Amino acid sequence: MVSTEVIVSLQEELYTDIIVDSDICTVENTELVGCYNCEKGAYAKIKCFASRSSEAEIICDSTSFTAPCGRQGIESIMRISATQAMMHMKCSVSCGEVVTKFEVGGILKYTATFQTVLYKWLTSLTAAELDGETTFLSAMLNTASPQAEFLEPQLQAILNSLHKQLNVATTQRLDWTSLQTEASFREAPIESDRQVQAGLIPRARRFQWLERGSKQEHDNMEEHLVKLESKQSIDEETTLAVRCQQLQKQLDNLELERAEQVAKLEKENEECQKEISVLKEQAKSQQEEAQADWIQQIEEAAHKSEDDQKEIALLKEKIKLGDDELKAAFSSMEKLKDKLSTLEDELDTKTRNAGALINNLGTLLDKNEKKKMELAELRQELKEEKSRSEEMTQKMK
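Residue numbers (our numbering): 359 to 755.
Keep in mind the hints are simulated off the structure, nothing from the lab. Careful, some of the hints might be misleading.
What the hints assert, rightly or not - Each computed EDC-like pair below joins lysine to aspartate or glutamate, with the alpha-carbon atoms no more than 20 Å apart:
(1) Lys403 with Glu389
(2) Lys459 with Glu415
(3) Lys695 with Glu683
(4) Lys448 with Glu389
(5) Lys448 with Glu415
(6) Lys676 with Glu658
(7) Lys674 with Glu664
(8) Lys403 with Glu386
(9) Lys693 with Glu683
(10) Lys697 with Asp681
(11) Lys708 with Glu727
(12) Lys668 with Glu633
(13) Lys403 with Glu433
(14) Lys467 with Glu413
(15) Lys676 with Asp666
(16) Lys678 with Asp666
(17) Lys403 with Asp419
(18) Lys405 with Glu389
(19) Lys685 with Glu702
(20) Lys638 with Glu657
(21) Lys708 with Asp724
(22) Lys405 with Glu433
(23) Lys403 with Glu413
(24) Lys693 with Asp681
(25) Lys622 with Glu633
(26) Lys638 with Glu628
(27) Lys622 with Glu639
(28) Lys729 with Glu739
(29) Lys693 with Asp703
(30) Lys685 with Glu675
Said to hold, decoys possible - Estimated spans, in silico, between C-beta atoms of each pair:
(31) Glu704 with Lys676: 48 to 58 Å
(32) Gln442 with Cys602: 15 to 25 Å
(33) Lys405 with Ser439: 47 to 57 Å
(34) Ser422 with Glu626: 20 to 30 Å
(35) Glu626 with Ser439: 47 to 57 Å
(36) Lys676 with Leu701: 29 to 39 Å
Keep in mind the model is a prediction, meaning the values are calculated, not measured. Note that CB positions come from ideal geometry on N, CA and C, so glycine has one too.
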């Protein structure tokens, strides 16, 4: 990943608002797969979870990424340029102010670099194809749309090729200069491949020198590859040894925990056995006490049953007497009912008579009211007559 810095200059004031989302984003631990020191690099498939759709910032060591998050989890690919086989990174993810942690790790594979591929291509060319030709260099120089992260390996490969050509040219120049100083070489007959004609080295000799330079470069590269493979194997063996030690340590810890748990369970089992024996004794004593109580209760119930029989006989006699009394009571009740009906008839007759009396009384009251009104009128007339007589008396005086 390439970081870019942008500088913006403002002549006036700029007001900005920052909206901070404090949603909680989480990413599960995942495995890192791929290769190291290669063009494709390593990658990890991550799944980001959040309560709603958000954009999370992921920071792993000195590298940062962005990834989408959702309620069901959104998958994305995180690419890393690794430089070693065993990778273990502690990463953080945040959707605002809340930061959570997760880990990414794995053992990466070794893939031949661009220089190795180029070297195989160069060694596959014949001496005739390399004799005075530089088209393979121009083919390398005209790389189509080089990417920034792969530009350095490509330039390194081009420089190695140029260095190889310079080595071959320098070797040819030195050999040619040394041969020119030898009289035997200049004066030799033309029939030998060591002969010179018009100041030119024979083509076969140039092929021989080119093959010698190529063989030397090939040996150097092969030695370098052997060292890389041995280093990788050592790293892998070291990694496996470390992992084996860690696993052995974990197994030892688990064995100790298992032994402790077994001892603890055995101790608990002994305590349980003791408690069971105590409970058995208590149950036995309680059973004996219960049997004694049952026998006593049965005997008491037997004695009580005889008393109950006597009481039942007495109750039967009382019930018989009660039946006679009940019959007498029923007969007296019948008499009372007849007397009550007679009284009800008399009450109805008296009620009717009382109603007639009430009606007569109302009539008398009405008549009394009328007489009171007439008396009041007479009194009023008397007062008026008296007032007239007084007036007449006054006048007569």
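Checklist entry - Has the given pair, Lys685 with Glu675, been kept, meaning a C-alpha gap of at most 20 Å? => result Distance ~16 Å between Lys685 and Glu675 Cα, so the pair holds.
Checklist entry - Lys405 and Glu433: Cα distance at most 20 Å? => result holds, 4 Å
Checklist entry - Given the proposed pairing of Lys403 with Glu433, does the C-alpha separation stay at or below 20 Å? => result holds, 7 Å
Checklist entry - Is it true that the CA of Lys693 sits at most 20 Å from the CA of Asp703? => result Holds, because 16 Å separates the two Cα atoms, which is no more than 20 Å.
Next on the checklist: Does Glu683 sit within 20 Å of Lys695, going by the straight-line distance between their CA atoms?
Outcome noted: holds, 18 Å
Checklist entry - Holds or violated: Lys676 with Asp666, Cα cutoff 20 Å? => result holds, 15 Å
Checklist entry - Between Lys403 and Asp419, is the straight-line Cα distance small enough, at 20 Å or below? => result Satisfied, since the Cα-Cα distance of roughly 18 Å is no more than 20 Å.
Next on the checklist: Holds or violated: Lys622 and Glu633, Cα atoms, limit 20 Å.
Outcome noted: Between Lys622 and Glu633 the Cα gap is close to 16 Å, so the pair holds against 20 Å.
Checklist entry - Under the criterion that the straight-line Cα-Cα distance not exceed 20 Å, is the pair Lys638, Glu628 satisfied? => result holds, 15 Å
Checklist entry - Taking the CB of Glu704 and the CB of Lys676, does the distance hold inside 48 to 58 Å? => result violated, 41 Å
Item to check | 20 Å limit on alpha-carbon distance, applied to hinted pair Lys403 and Glu386 | outcome: At roughly 10 Å apart (the allowed maximum being 20 Å), Glu386 and Lys403 satisfy the hint.
Item to check | Pairwise hint evaluation, Glu413 against Lys403, where the allowed Cα distance is 20 Å at most | outcome: holds, 16 Å
Consistency with the previously given hints fails for numbers 6, 10, 11, 12, 14, 19, 20, 21, 27, 31, 33, 34, ordered from lowest to highest.
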